[in-house]
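Novice: Read off the chains here:
6 protein chains.
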Amino acid sequence: MVKRGFYIGRFQPYHNGHQSVLEAISDEVDEIIIGVGSAQMSHFVNNPFTAGERIMMITRSLDKLKCPFYVIPIEDVQRNALWAAHVKSMSPPFDVVFSSNPLVVELFREEGTLVVSPEMYERGTHSGTEIRRRMLMDENWQELVPSVVVDIIEEIGGVRRLSQISKKD
Amino acid sequence: MVKRGFYIGRFQPYHNGHQSVLEAISDEVDEIIIGVGSAQMSHFVNNPFTAGERIMMITRSLDKLKCPFYVIPIEDVQRNALWAAHVKSMSPPFDVVFSSNPLVVELFREEGTLVVSPEMYERGTHSGTEIRRRMLMDENWQELVPSVVVDIIEEIGGVRRLSQISKKD
Amino acid sequence: MVKRGFYIGRFQPYHNGHQSVLEAISDEVDEIIIGVGSAQMSHFVNNPFTAGERIMMITRSLDKLKCPFYVIPIEDVQRNALWAAHVKSMSPPFDVVFSSNPLVVELFREEGTLVVSPEMYERGTHSGTEIRRRMLMDENWQELVPSVVVDIIEEIGGVRRLSQISKKD
Amino acid sequence: MVKRGFYIGRFQPYHNGHQSVLEAISDEVDEIIIGVGSAQMSHFVNNPFTAGERIMMITRSLDKLKCPFYVIPIEDVQRNALWAAHVKSMSPPFDVVFSSNPLVVELFREEGTLVVSPEMYERGTHSGTEIRRRMLMDENWQELVPSVVVDIIEEIGGVRRLSQISKKD
Amino acid sequence: MVKRGFYIGRFQPYHNGHQSVLEAISDEVDEIIIGVGSAQMSHFVNNPFTAGERIMMITRSLDKLKCPFYVIPIEDVQRNALWAAHVKSMSPPFDVVFSSNPLVVELFREEGTLVVSPEMYERGTHSGTEIRRRMLMDENWQELVPSVVVDIIEEIGGVRRLSQISKKD
Amino acid sequence: MVKRGFYIGRFQPYHNGHQSVLEAISDEVDEIIIGVGSAQMSHFVNNPFTAGERIMMITRSLDKLKCPFYVIPIEDVQRNALWAAHVKSMSPPFDVVFSSNPLVVELFREEGTLVVSPEMYERGTHSGTEIRRRMLMDENWQELVPSVVVDIIEEIGGVRRLSQISKKD
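Line by line, the protein sequences give chains A, B, C, D, E and F.
With this note's numbering, the residue at position 124 of the first sequence is 124, and numbering never jumps.
Take any residue in the second sequence, count from 1 to its spot, add 1000: that is its number in this note's numbering.
Take any residue in the third sequence, count from 1 to its spot, add 2000: that is its number in this note's numbering.
Take any residue in the fourth sequence, count from 1 to its spot, add 3000: that is its number in this note's numbering.
Take any residue in the fifth sequence, count from 1 to its spot, add 4000: that is its number in this note's numbering.
Take any residue in the sixth sequence, count from 1 to its spot, add 5000: that is its number in this note's numbering.
Just so you know, these hints were derived from the structure itself, not from any lab.
Below, computed lysine to any residue pairings styled on SDA-like, alpha-carbon distance capped at 20 Å:
| hint | chain 1 | residue 1 | chain 2 | residue 2 |
| --- | --- | --- | --- | --- |
| 1 | C | 2168 | D | 3010 |
| 2 | B | 1003 | C | 2148 |
| 3 | A | 168 | E | 4127 |
| 4 | E | 4066 | D | 3067 |
| 5 | B | 1066 | C | 2064 |
| 6 | C | 2088 | B | 1158 |
| 7 | B | 1088 | D | 3086 |
| 8 | D | 3064 | D | 3016 |
| 9 | A | 64 | F | 5063 |
| 10 | D | 3167 | F | 5110 |
Using the sequences plus the hints, can you model the full thing?
Specialist: Encoded structure:
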């Protein structure tokens, strides 16, 4: 029987913290489903990259992950009470959710899904913010993400886009 | 000819202030329509309870109200100019709106419905906030709501839910 | 412990078939939740009445029902996989669904809710269609609905509305 | 005091029937508001043109209309009970609606707006269908529309688009 | 060949800054398309006027503009990545966008449309805020808008509406 | 430089026709993006499976495909004019679309993307319908799909679900 775990993030952008969490999860389950949250968002200061760009970052970075994985965009639904059902309809069935986000934990628990939230998953939670800050300040953001992510962000002009949309109106 | 009055709130949760306003309104009209606003919201720090939970709180608390009443969930529409038409389509016809919310007053007035907003309806407007604060601080919130509401919130684990979703990510 | 049952229909309009089903259900449970399906629809040939009008028909017809009941508008969600969660968020908790609609049965079963669908609930399933046909043909539709429903439809000009929207463009 | 009239159509495409109706209306009011219905639709067999393309057809064809006019895209709302409020929020205020569409007539009448629906407005109601048929059959559709509409449809490759989307899958 | 330019604003309300920008643009192109942004919003403190009211303000103020123009309501789409396609579907085709809004600039550039953003277009960007402040303070807002806009705001009771919705709940 | 191709279907269910098309495409490009269309639909007679179920069918069936691939759910947008932008925002960038669906061809062509639609891609277009018919008739549907798809459909009780929702109301 295949055991599948679900992990969700916004991945704006995908970084080393995500990578190490996913590597740890790959020791626990047979297959991982990675939900790309707020998939409909892009070109915002806090959400600069499209779902497609984020899917590419994740897929390439996990080239050598020891277990198979799915990468699935999850659009926000405006109703928390429907969110767990929404995720489940978009995903292959899973047995356990790995998350330390309090709302994710609550919504899956009320819905009856096992949730595991060890402290280590918190590490780097806010790295996305730090990376975007460094991009805007022209500091070394590259050290915080896998090298293929650097390549993708360069290819799509990601830093230029972030700078442009961060200008004052 | 039956005279009906409309009253709307978010009821997060339903409390003694709402109760006394509705008892006062029951002296003025033959039937009351109680709109449960932002019905689609739940599991937010400021909107922890589902529409279904709030409907149950209201209905049970008004067991002995002297006039018949309807409890109707009203989902937000993102367009203020359509809101009065939205409410009217979801509700039995009514002759008067009881409200001291400035936007509710304006939208019904522009649409041609009589609005009454005596000062007393303001009392306890912000009690919802105070009750949720007390829940999180483990203070006495029970004294601010009807006793059946205490029962319902215990039954659904409402304080635990609110605490969980109030945690920092 | 209160046992609650859920029953859903479109009630276009509410008729004697619904009434007898609900009376039968009132022998089985302590409280009934009546979902008014496709609540957002009105002014269509097959869905002429607003949710508010239908809520009024139901509530008044059940004046003497032997158990308490809730009448709750349920807007369609375009995604079947979320429908059961949607209903549950809008309703007080319930223990059993009474339905003979195949999709309703399937969606609640997959979601884990007990569904009962005895043959008798099918009776009059299509009476709504027959009643609307009689309204348009000026035949005796009044015998198929509770007398308070006749009153309400007259008060709102329901037959005139249906005739008007049934004209060919 | 300016008297404004409202007229709505889908204009797929704008044709001589619309033109003569609007010329007649221009004798009755000081200003005309022309609603472009189902504005969100395009690239469908029955709705091939975008709102922008239809706005251009109308505006250029009415170059010499004797009164000022507004051309306003009106997206469908899925709820008939909100439609009149939706139209009114998107339009300058108007005193009268010119329409022979039974649903439009009903929705504005219930909302309290004067509706005029003389027989002549029906002429050519179904010309849109006929024009699209001729386009697909390579027959003379040009004679049914103003000459500037012919130009626009050629400029945007409208007949080619219609033929392509009409192919069987 | 007709050269068309696109200009977008929220116009809450339309003011002299907009007027002078549009007059300048009318020297550059043959036709102007004016997008009324956030068209679905009204009755908010920062967005008090409906799309219909704003369309009327713009159209009347530009009575003597030297080139033809289109005024088109543009509802927000919640997805930035679709916004340029959304605008293009609602508008006649255009060759150039005039904007100094950083996000508008980015979205059209990524989509391949020429964007011009000379400094002068910034002038008065924040006048809308200033005008609404003066309305609430009973100061001279009239000097900042065309005189026909004063007339329209008086006709619709705009200052009264803004005052009402600005009250504390 | 990586060359990516995009292929879209509803995959209700994924079958041998899809498999052979994708194998052929894998000779033409370096990476394939597979869009799962109408992702929001499930539990309909013509769309019985959820996006998650379909993603699992596709991913497992392509275990040995000779090039890397992405499987991405694509929810319907109700506006054809935005569809190509919607797909592009959800997907890694692609150079060519493989499709024989007339609307898909038109929407990508107008948007400027290269579309290839050789006859062979049509084969088996309607197999989905045939497979669902066989499921309902208890005929041999298994021969038309990869063996892992048979396993998945059995695991999720797919035939039972389809039978249930196909019952007459």
